[in-house]
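Between the sequences and the hints, there should be enough to build the whole structure, so can you do that?
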Amino acid sequence: MSAVVEIASWAFILAGSFFSIVGAVGIVRFPDFWSRLHAASISESAGMILLIVGMCLQAGWTLVTVKLLIIGIFLFITGPTATHAVANAALTTGLRPKEAEGLVGAEPRSAKKS
Amino acid sequence: MQHHLILRVVTKLLCGAIILYAFYVQFHGDYSPGGGFQAGVIMAVAFIAYGVVFGLDAVQKVLPAWVVHKLAALGVLVYSMTGVVSLFLGYAFLDYGAFSPHHPSHGQHWGILAVELGVGITVTGVMVTIYYAFASRIPRITDEEW
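Protein sequences, first through last, are from chains S and E.
In case it helps, the working numbering puts the first sequence at residues 3 to 116.
In case it helps, the working numbering puts the second sequence at residues 2 to 147.
Treat the hints with caution; some may be incorrect.
[Said to hold, decoys possible] In silico SDA-like pairs for lysine to any residue, Cα to Cα no more than 25 Å straight-line:
1) E:Lys62 with E:Ala18
2) E:Lys13 with S:Asn90
3) E:Lys13 with E:Val63
4) E:Lys13 with E:Val54
5) S:Lys69 with E:Gly35
6) S:Lys100 with S:Phe35
7) S:Lys69 with E:Tyr25
8) E:Lys13 with E:Gln39
9) E:Lys71 with E:Ser137
10) E:Lys71 with E:Phe135
11) S:Lys69 with S:Ile51
12) S:Lys69 with E:Leu15
13) E:Lys13 with S:Thr94
14) E:Lys13 with S:Phe35
15) E:Lys13 with S:Ile75
16) E:Lys13 with S:Leu93
The set of hints was computed from the structure by calculation and includes no laboratory data.
What follows is the structure in structure tokens.
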């Protein structure tokens with residue numbers, strides 16, 4: 003039983019580390035702001051959830067698990083919110099993805115107003 | 002109003018939890034990492050986040066500027082009065098053994114709790130004062146200008 007939990011927890015932790023590394027590589031390698039934001043949000047959602055589940059399995063039924071779950075819930079709420087705020091600010095100030103440069107309906111809001 | 006909808010909802014959800022966590026760090030500081038300074042900063046973060054999202058007027062309804070200035074001074078007063086009380090009880094300045102002469106460790110517990118409370122109040126006041134000082138300098142950006 004304990005061996006199964008151990009294997010599962012290490013599988014979760016390794017998967018979470020993999021997603022974090024993938025996100026870090028993506029932030030460096032991707033071409034523009036929007037795809038980099040996508041990479042950053044991968045490491046803060048998928049990587050975070052998998053790492054916390056792995057650490058919960060390591061800790062067992064203790065107070066540490068409860069604290070980890072609370073941390074996970076808060077990060078689950080705040081991480082996407084921060085990503086949304088950054089993306090929203092970029093969208094309203096007129097930044098557009100490279101692929102959408104000539105696209106109709108993707109003009110910056112300030113250009114529509116004037 | 003529509004523009005910052007997600008930020009507004011999340012901030013409303015989190016403000017209470019942040020304040021609760023600040024109290025946890027404040028009063029659990031002698032058993033786990035934390036203490037007055039960290040708790041004060043976390044408490045200030047709740048008000049600063051509310052002010053950033055809802056505007057300076059909304060947060061100053063909750064915590065007016067004159068209250069914040071008094072809080073910054075009140076914390077120092079609590080800290081120094083702890084020392085003065087132990088002085089009047091016949092011990093050295095800030096000697097926590099004074100609060101429970103037969104049980105010096107209990108006295109130290111109470112003394113550190115009082116001192117940390119003073120530190121927390123002062124740090125909250127100073128942090129929010131700095132935020133108010135910076136935020137009230139610039140002309141405010143209305144929702145229509147976004």
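Hints and how they fare:
Using a Cα cut-off of 25 Å, the hinted pair Lys62 (chain E) and Ala18 (chain E) holds, with the two alpha carbons roughly 20 Å apart. For the given pair, Lys13 (chain E) sits about 19 Å from Asn90 (chain S) by alpha-carbon distance, which is consistent with the 25 Å threshold. Taking the CA atoms of Lys13 (chain E) and Val63 (chain E), the gap is about 14 Å. The hint holds against a cut of 25 Å. For the given pair, Lys13 (chain E) sits about 10 Å from Val54 (chain E) by alpha-carbon distance, which is consistent with the 25 Å threshold.
Between the alpha carbons of Lys69 (chain S) and Gly35 (chain E) the distance comes to roughly 15 Å, so the proposed pair stays at or under 25 Å and holds. Restraint check: the Cα-Cα separation between Lys100 (chain S) and Phe35 (chain S) comes to about 9 Å, which is no more than 25 Å; the hinted pair holds. Proposed proximity of Lys69 (chain S) and Tyr25 (chain E) is supported: the alpha carbons are some 13 Å apart, at most 25 Å. Annotation: proposed proximity of Lys13 (chain E) to Gln39 (chain E) holds, straight-line Cα distance about 22 Å (limit 25 Å).
The straight-line distance between the Cα atoms of Lys71 (chain E) and Ser137 (chain E) is roughly 19 Å, inside the 25 Å bound, and the hint therefore holds. Restraint check for Lys71 (chain E) and Phe135 (chain E): the C-alpha separation of about 18 Å stays at or below 25 Å, so the hint holds. Restraint check for Lys69 (chain S) and Ile51 (chain S): the C-alpha separation of about 14 Å stays at or below 25 Å, so the hint holds. The suggested pairing of Lys69 (chain S) with Leu15 (chain E) holds, with an alpha-carbon distance near 16 Å, which does not exceed 25 Å.
As the CA atoms of Lys13 (chain E) and Thr94 (chain S) are separated by approximately 23 Å, the hinted pair is consistent with the 25 Å bound. The hinted pair formed by Lys13 (chain E) and Phe35 (chain S) fails the criterion: a straight-line CA distance of about 29 Å is larger than 25 Å. Distance restraint check for Lys13 (chain E) and Ile75 (chain S): the Cα-Cα separation of roughly 16 Å lies within the 25 Å cut-off, and the hinted pair is therefore satisfied. Distance hint between Lys13 (chain E) and Leu93 (chain S) is fulfilled; the C-alpha atoms sit about 24 Å from each other, no more than 25 Å.
Violated hint: 14 only; the structure is consistent with all others.
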